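Participant: Same order as they appear, the protein sequences are chains A and B.
The letter at position 54 of the first sequence is residue 54 when you use the working numbering, and the numbering goes up by one with no holes.
Plus 1000 on top of the position in the second sequence (first one is 1) and you've got the working numbering.
Hints are computed from structural coordinates only; laboratory data are not their basis.
Note that the structure is a prediction, hence the values are computed from the model and not measured.
Warning: the hint list may mix true and false statements.
[Unchecked claim] Incomplete in silico selection of chain B near chain A, CB under 10 Å:
id : residue
1  : Asp1006
2  : Arg1057
3  : Thr1061
4  : Ala1129
5  : Ile1130
6  : Ser1140
7  : Ser1144
Just so you know, even glycine gets a beta-carbon here, dropped at the ideal spot from N, CA and C.
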Amino acid sequence: MLKVEHLHHSYGKAEILKNIDFGVERGEAFVTIGPTGSGKTTLLRLVSLLERPSSGNIYFDGHLVNNSERARLEIRRRMAVVSQKPAVFNASVFDNVAYGLKVRKEKGTGLRSKVMYALETVGLAGYERRDARTLSGGETQRVALARAMVVEPELLLLDEPTANLDPVSTTHIEKLVTDVIKKSNMTVMMATHDMFQGQRLADRMGVLVAGEMLQTGKPGEIFSSPRGREIAEFVGMENIIAGIITSNEEGIVDIKFNGGAVEAISNFSVGEEIYAGIRPEEITLARTKESTSARNTFNGEITRIVLFGPLARVELNCGFPLVALITKRSAEEMNLQTGDRIYASFKATGVHVIKG
Amino acid sequence: MHAIVDAFVLAVKMIFTGDPEVYGITARTLEISLSSTVIGALLFVPLGCLIYFNNFRGKRTLISIIQTCYSLPTVFVGLLVFLVFSRAGPLGIFGIMFTPQVMVIGQVVLVSAIVTGLTISALSGVSPAIRETAISLGASRLQSVWTVLKEARFAVLTAVLVGFGRAISEVGLALMVGGNIRGYTRVLTTAISLETGKGEIALSLALGFILVAIALIVTILANRFLRVKEVYVAQSRASAS
């Protein structure tokens, strides 16, 4: 459906996108995740043909998108975009949603029924007479979604559609997007900085960091086996320790680092410099040293406890910093306090070894 | 103060007694100024769009020149039009000097900078996101330009109304190229100038009141037209749905 090859884009001397390659299959939901300023919006602007790349090729439905304005318009009419802060026209909600159909010369009852159906789908039935500029952020985003969906695009491009919304509106929009993906079999490309949202919505993901697409794959792959330190950090692997492989016995490696050593599963050879990544939720805490199957146990002092929602983030000093994520209830039952000394354990399979 | 009240009473009397001279001058004034405004709008709103939506070398300088021309003296424009259309001028063969037609041409020149410049300003006031949204929803270049123009409709109407104000209130050009011929090229401003010269202050003031009243009525009608159109569009959409 969509193929991007060697895409580069610069604004003046600032290189925003560097050699981007990826593809999106028909009916697939491809989510680009990356921190703010990584180039996600620029990538979507290039794919939606709002801008021309400095170099590289974009193929839509197997055809190279060329420079002819007419050809670009034809392809643009097979797509629709929902942006982070959608602009609404100084017109009624009905006219806003009908816009894409009108520019495609649709009119009459067909147009009306499509607009009304789109409004109903996004939960805005009865809003058609309202001035679109008087709507709330969540409602505006729903109008933008209806406006994009009403033209039945082959490719729906979503640029951080929930970035400026409250949690309730975010949930609503996410549900709408999920419904659209499931019901219409539409191809969706979405950009978000929220890795969990990306994980929820994506069939496949691409991690964009500092203008480079560092990894593409299924969400599970990216979250469990990040290919680099930047990706590991972005996908929430808070414990990243630089070390060196000191032994490898049939895939079970010992990793030595400043402050200790851990056991992990990896194919890296002895002497290779690596990063050992441990997800905070894979660390268990105990008051006493217990005999468990976990291959890695460290004694450390609690330096900080931060409660958020049902979870507690426990920061430890084990000779090296370690962060564990446990439930608030566990923290209360164990009566964890700053300054306490406790044991932190994690399995060898919980250590993700990343090339250094 | 007494003279102003007298003039106001005289203006009302002239309007309601159907003074043919006053009606003739007023009708001619409206005909010439509205013609020049409509022609000016048809020519210079698109020119403003052309300048705003295209990037070219010297664009900023051109806009600065246009803005400088807002305050172009009417007598200077009159002189230029006179030189062009006088018998010895390059377009003298048309023989339209001292006719309402040349007054319209002169006023079109006069409003050109204001309508073009204020159209550019009006379009600049619309968020660039509007045009991008239009394009991303499948609008062609022309459709996206039309969308932005619609967004700026009140400001563009203001540009046209300011142009109308400049056209209807100018006197230097009308005198120079129109000649203030009674029953033919005499308009409200030239009539005021003439009557003041004759010492008919009350009559001049009365004509002035009529001039202001016309400008007011045209502005109100134009604003109403836009509002009515908006309400009509909203209602027709609602009833259709």
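Participant: Now, for every hint given, state plainly whether the structure supports it.
Facilitator: Evaluated hints:
no.	hint	verdict
1	Asp1006	violated (47 Å)
2	Arg1057	violated (18 Å)
3	Thr1061	violated (23 Å)
4	Ala1129	holds (4 Å)
5	Ile1130	holds (5 Å)
6	Ser1140	holds (6 Å)
7	Ser1144	holds (9 Å)
Comparing the model with each earlier hint shows violations of hints 1, 2 and 3; every other hint is respected.
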